[in-house]
Amino acid sequence: MIKVLMIPGAHYDAHQFLDLVRRRRGVLYVSADSGGVWGDEATELLILELRRVGGPCDFGADIVLVGSDAPQVPQLPCGCVKEGALAVFDPEDVARCGFIGQMALHPITCGAGERNTISISSITEEAISLSVGRDVPDVYGRMLEVQDYVFHAKIWDVPSAVLACALLLLTEEREEA
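Residue numbers (the numbering used here): 12 to 188.
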């Protein structure tokens, strides 16, 4: 099971995020703030949503997703994230995420800019296409190659959809060539 720490942004839509992720992975989603829990029978991803990061956290996340306009997060509690975990964030929000430079994380920029590691290549009401601009490791340590990836689903909140699709790309089980 892959553990994901979600630090949502100001306008994060959990329903859009879960709609996209649950189409392809079994999910157990826990909101530490609201106490909400959503789950599927087969859990492949354990996602912990923390809007206010603080206090002890022995979660050991493999991936940290930071939503756009996330709250100020200067540091994460010890044990919250594994060493070498992937940190997915919009570079416009890097000033709010001081922990990325302080911890031994692998930064992956994600957003609308074409210089991001993962960027939006196109979007319609029924699909979103993400472009991987340079080779990047996935959660298994394999390289995700430069190319476009298309996700078919109803899209109503772009920032939440981008995070969901980036998570799917980075956690996809692929056969070795």
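What the hints contain is simulated information worked out from the structure, not anything from laboratory work. Accuracy of the hints is not assured; some may be wrong.
What follows is a set of in silico ranges between Cβ atoms, one per label pair, in the way DEER data are often shown [what the hints assert, rightly or not]:
(1) Thr135 to Gln158: 28 to 36 angstroms
(2) His163 to Thr54: 21 to 29 angstroms
(3) Asp146 to Pro102: 16 to 24 angstroms
(4) Val48 to Lys165: 22 to 30 angstroms
(5) Glu94 to Glu137: 23 to 31 angstroms
(6) Met12 to Ser133: 14 to 22 angstroms
(7) Gln86 to Ile134: 32 to 40 angstroms
(8) Gly90 to Thr135: 16 to 24 angstroms
(9) Gln86 to Glu184: 26 to 34 angstroms
(10) Lys165 to Cys89: 33 to 41 angstroms
(11) Tyr151 to His26: 37 to 45 angstroms
(12) Gly90 to Glu55: 28 to 36 angstroms
Glycine residues also receive a C-beta, built at the ideal position from the N, C-alpha and C atoms.
Evaluation of the provided hints:
no.: 1; hint: Thr135 to Gln158: 28 to 36 angstroms; verdict: violated (19 angstroms)
no.: 2; hint: His163 to Thr54: 21 to 29 angstroms; verdict: holds (24 angstroms)
no.: 3; hint: Asp146 to Pro102: 16 to 24 angstroms; verdict: holds (18 angstroms)
no.: 4; hint: Val48 to Lys165: 22 to 30 angstroms; verdict: holds (24 angstroms)
no.: 5; hint: Glu94 to Glu137: 23 to 31 angstroms; verdict: violated (40 angstroms)
no.: 6; hint: Met12 to Ser133: 14 to 22 angstroms; verdict: violated (32 angstroms)
no.: 7; hint: Gln86 to Ile134: 32 to 40 angstroms; verdict: holds (34 angstroms)
no.: 8; hint: Gly90 to Thr135: 16 to 24 angstroms; verdict: violated (41 angstroms)
no.: 9; hint: Gln86 to Glu184: 26 to 34 angstroms; verdict: holds (32 angstroms)
no.: 10; hint: Lys165 to Cys89: 33 to 41 angstroms; verdict: holds (40 angstroms)
no.: 11; hint: Tyr151 to His26: 37 to 45 angstroms; verdict: violated (28 angstroms)
no.: 12; hint: Gly90 to Glu55: 28 to 36 angstroms; verdict: violated (22 angstroms)
In this structure, the earlier hints numbered 1, 5, 6, 8, 11 and 12 are contradicted, and the remaining ones agree with it.
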